[in-house]
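Chains as they are written, first to last, in this note's numbering: chain A, 1 to 352; chain B, 1 to 475.
Because the hints were derived from the structure by calculation, they are not lab data. All values reported here derive from a predicted model rather than from experimental measurement. Just to be clear, a hint being listed does not mean it is correct.
Which bits of chain B does chain A cover? Going by a derived footprint, with three or more residues having C-beta under 8 Å, they are [to be verified]:
#, region
1, 41–49
2, 112–119
A few chain B residues facing chain A, derived, Cβ under 10 Å [what the hints assert, rightly or not]:
#, residue
3, 16
4, 35
5, 60
6, 135
7, 140
8, 164
9, 405
Backbone N, C-alpha and C define an ideal beta-carbon position, used for all residues, glycine too.
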Amino acid sequence: MNPRALSAGASDTFVSVALWTGTVALALTLLLALQIVLLRMALRRRERRTALAVARWRPLLNQIIIGEDPALPALAPREHLPFLHLWAHLQASLRGEASAALNAMACRLGVDTLARGMLARGARDERLLATLVLGHLGDRAAWPQLLALARVPDSALSLTALWALVRVDPDAAAEYLTPLFIEREDWALSHVAGILQQASGPVAAVLARILPQLGDERLPRALRIAESLRVTLPGGVLAAALQSRSSAVVIAALRGVLTPETLPEVRALLLHEDWQVRVQAARALGRVGERSDAARLTALLGDPQWWVRYRAAQALRELPLLSRADLEAVRASLQDRFALDMLDQVLAEEAA
Amino acid sequence: MSHPNWGQLLTDFVTWFVFCYFIALNGGYLLLNAIALRSLRIKGQELFIADLPRAYSGLEPPVSILVPAYNEEATIAASIRSMLQLSYAEFEIIVVNDGSKDSTLEVLRREFALLPFPEAYRRQIPTAEVRAVYRSTRYPNVRVIDKVNGGKADSLNAAINVSRYPLVCGVDADSILQRDSLAKVTEPFLRDSTVVAAGGTVRVANGCTVSGGFLTSVGLPKNIWALFQVVEYLRAFLFGRLGWSAMNGMLIISGAFGVFRKDAVVEVGGYRRDTIGEDMELVVRMHRLLREKRRPYRIEFVPDPVCWTEAPEDFHTLKNQRIRWQRGLAESLNANWGLPFSRNGGVPGWVAFPFMLLFEWLGPVVELGGYAFMLWAFFTGMISWQAFGAFLFVAIGLGILLSASGLLLEEMSFHIYPRGKQLLMLGLVVILENFGYRQLNTVWRLTGLLRWALQKESSWGTMKRKGTWQSGASK
Chain A
1 MNPRALSAGA SDTFVSVALW TGTVALALTL LLALQIVLLR MALRRRERRT ALAVARWRPL
61 LNQIIIGEDP ALPALAPREH LPFLHLWAHL QASLRGEASA ALNAMACRLG VDTLARGMLA
121 RGARDERLLA TLVLGHLGDR AAWPQLLALA RVPDSALSLT ALWALVRVDP DAAAEYLTPL
181 FIEREDWALS HVAGILQQAS GPVAAVLARI LPQLGDERLP RALRIAESLR VTLPGGVLAA
241 ALQSRSSAVV IAALRGVLTP ETLPEVRALL LHEDWQVRVQ AARALGRVGE RSDAARLTAL
301 LGDPQWWVRY RAAQALRELP LLSRADLEAV RASLQDRFAL DMLDQVLAEE AA
Chain B
1 MSHPNWGQLL TDFVTWFVFC YFIALNGGYL LLNAIALRSL RIKGQELFIA DLPRAYSGLE
61 PPVSILVPAY NEEATIAASI RSMLQLSYAE FEIIVVNDGS KDSTLEVLRR EFALLPFPEA
121 YRRQIPTAEV RAVYRSTRYP NVRVIDKVNG GKADSLNAAI NVSRYPLVCG VDADSILQRD
181 SLAKVTEPFL RDSTVVAAGG TVRVANGCTV SGGFLTSVGL PKNIWALFQV VEYLRAFLFG
241 RLGWSAMNGM LIISGAFGVF RKDAVVEVGG YRRDTIGEDM ELVVRMHRLL REKRRPYRIE
301 FVPDPVCWTE APEDFHTLKN QRIRWQRGLA ESLNANWGLP FSRNGGVPGW VAFPFMLLFE
361 WLGPVVELGG YAFMLWAFFT GMISWQAFGA FLFVAIGLGI LLSASGLLLE EMSFHIYPRG
421 KQLLMLGLVV ILENFGYRQL NTVWRLTGLL RWALQKESSW GTMKRKGTWQ SGASK
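All chains, please: the whole structure from these sequences, using the hints.
Structure follows, in structure tokens:
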């Protein structure tokens with residue numbers, strides 16, 4: 001080594017540490033490469049297995065869907081997962097007799113028992129698949145397992161279990177789970193609403209019963225669910241919510257105003273200090289207001305908030321018995337440039 | 001008593017410093033990789049459910065898609081048409097013609113039957129003068145803003161001002177979106193009301209086939225520059241962003257496709273006009289201001305490939321792009337020094353920001369300085385050839401390990417390159433890119449850093465597009 005080079009001790013240590021680090025990196029890279037190859041081989045095997053299972057079962061499933069009754073071979077263990085995937089995919093796009101025929105076929109093959117076993121002992125992805133299958137089957141025997149699953153913290157698993165429970169028994173699911181889906185903030189409201197469409201009647205009944213007992217922190221979500229299910233809430237419940245001190249509750253309640261029963265409360269909220277409440281009050285008035293509300297909405301066209309002006313102009317357009325000529329008269333009376341611009345915009349939107 | 005050899009001590013110190021820096025840099029990214037691995041496993045288990053036919057409940061938040069356009073006459077109509085085919089419950093498209101010098105506006109007028117619309121323009125964020133707002137008489141959810149040139153950030157701000165919906169999605173006019181991209185990227189907003197922004201994985205479209213504005217088959221590019229970028233994108237998105245997202249420390253959402261809660265964007269003042277990296281700057285600023293206000297929030301990353309973009313295929317375009325990216329990064333960090341010094345800095349301020357500062361902002365200086373120093377020391381005899389060789393072995397070995405781990409994540413999750421040959425090719429690129437390409441990138445990043453230091457003015461980036469990957473395409 002050059003005498004001027006890195007001092008002997010330091011150089012040796014550096015070279016040794018660097019070589020070891022590089023060797024470890026190289027070994028890890030080789031391991032990763034091996035892992036990648038193994039993963040690709042496993043994927044290929046899985047794809048081949050799936051292709052074979054699909055080739056065997058797809059024609060039979062098609063025959064069942066069109067009402068035939070083919071002889072069914074036994075379901076081989078290696079076919080379990082690809083068959084269940086295929087079956088669940090088909091079920092997701094079918095209704096009525098075809099769906100019932102697929103269910104009957106699955107029961108003949110012992111898919112219900114298989115899915116319950118997967119639900120009890122399977123890995124997470126298998127449990128998700130089993131939950132879907134049991135939901136499509138409407139399997140009452142799986143009710144206790146599904147109910148327990150609906151309470152686990154895992155959002156995907158619990159939400160899929162909720163879906164399955166609603167498929168199995170909408171009334172019982174509404175009774176057991178309505179408080180839960182109000183509580184579970186991790187369950188996307190849009191997903192919950194989509195799932196509950198099937199149980200909207202029973203859920204509405206439970207909601208009407210429990211709404212008066214809910215606190216301000218839970219009430220907005222419960223009201224949003226009611227809104228999504230187009231549930232007409234008892235006037236008393238809605239009126240109480242409209243008088244809440246919490247803006248979030250009032251906003252959620254205003255979105256649920258579908259009848260003129262609470263018209264006085266809605267009119268009072270047009271002057272609320274929170275502009276988001278005024279926005280929803282204007283929208284609600286557009287849905288349930290009367291011709292006489294035109295003056296109130298015209299006043300809102302001068303609101304400092306753009307959204308309040310916009311919704312007020314839209315509400316004016318939607319009021320019953322208010323003709324285009326009436327709106328032109330309102331326009332002619334406006335002095336405020338912002339109000340005028342907004343009404344022009346909304347009238348142009350209508351014309352487009 | 002012998003005097004200490006100061007030159008030798010300094011050489012020892014610098015050698016060890018450079019070595020430790022490389023270890024820390026790659027070790028940090030490998031740690032992110034480990035975090036991303038867990039997220040991807042969970043995600044992978046839910047893929048089957050996500051692929052089932054979807055029914056909309058009507059409670060999905062509607063989205064305003066913001067499309068800034070500057071001299072895009074050749075592609076703008078096809079891009080908008082493909083965006084109109086996105087599967088989502090409710091969305092509008094707002095195209096902003098940012099004072100184009102070509103006939104972008106005329107094309108839009110003709111293709112979408114535009115008519116002037118008396119928009120009650122709401123100036124929530126100041127922008128350059130808006131000349132007119134148009135509405136398509138053919139598609140009620142398409143509007144066009146014609147404005148005086150003010151840059152991409154200014155265009156996005158103008159689009160935010162006229163948008164009607166609570167979520168806004170900035171999209172590059174030349175991005176190719178997956179049909180379900182909006183549904184996937186808005187998923188975090190449904191789950192968690194504190195989510196203020198979400199981004200998805202952007203992939204390289206070169207080598208793929210596009211038809212009707214959508215990707216129909218995935219392939220690898222033949223061009224070597226584009227191939228290098230395929231691996232780079234895997235690294236940057238799959239574990240770079242996913243790892244940070246798991247800790248709520250993600251500082252970048254790609255401008256090619258990102259969804260934001262509009263009220264949060266308006267609250268922090270919209271996109272900054274005087275920066276090149278307006279996408280990153282906005283995200284860093286959101287972290288800073290929301291943390292200052294102690295507001296609970298989340299910024300999430302969705303690993304699904306939602307957007308495809310054409311990568312530069314020639315040396316000069318690629319070089320300019322990387323210089324711009326580095327300038328953008330420097331501007332974004334420099335404008336938000338309050339974040340790491342905030343009492344409520346959390347992961348973004350105390351971990352992600354310093355990480356970016358040390359390994360991305362300062363990285364080119366230390367990396368290039370390190371290579372230069374080792375070369376100098378070797379040629380002047382300050383270090384032995386064994387030490388020099390060992391240093392190269394570590395630097396290149398760790399680089400390959402890092403890229404290979406990106407490839408592993410890809411194979412574990414989406415394996416969008418289905419053929420064995422493609423995998424083999426990517427494996428080769430993982431090795432090859434460490435012999436020159438990454439070092440070249442470091443030189444470009446250093447140039448970007450220097451240009452930032454010299455404070456040259458920002459403008460729309462020019463990108464030379466070939467579009468050869470659109471064989472038989474109608475995009």
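Comparing the hints with the structure gives:
1. 41–49: Since three or more residues must qualify, the claim that chain A covers the region 41–49 of chain B holds, with 6 doing so at under 8 Å.
2. 112–119: holds (count 4)
3. 16: With Cβ-Cβ at 7 Å, under 10 Å, it holds.
4. 35: violated (17 Å)
5. 60: Holds: closest Cβ of chain A sits about 5 Å from residue 60 of chain B, inside 10 Å.
6. 135: With Cβ-Cβ at 6 Å, under 10 Å, it holds.
7. 140: holds (6 Å)
8. 164: Interface hint status for residue 164 of chain B: holds (8 Å vs cutoff 10 Å).
9. 405: holds (6 Å)
In this structure, only the earlier hint numbered 4 is contradicted, and the remaining ones agree with it.
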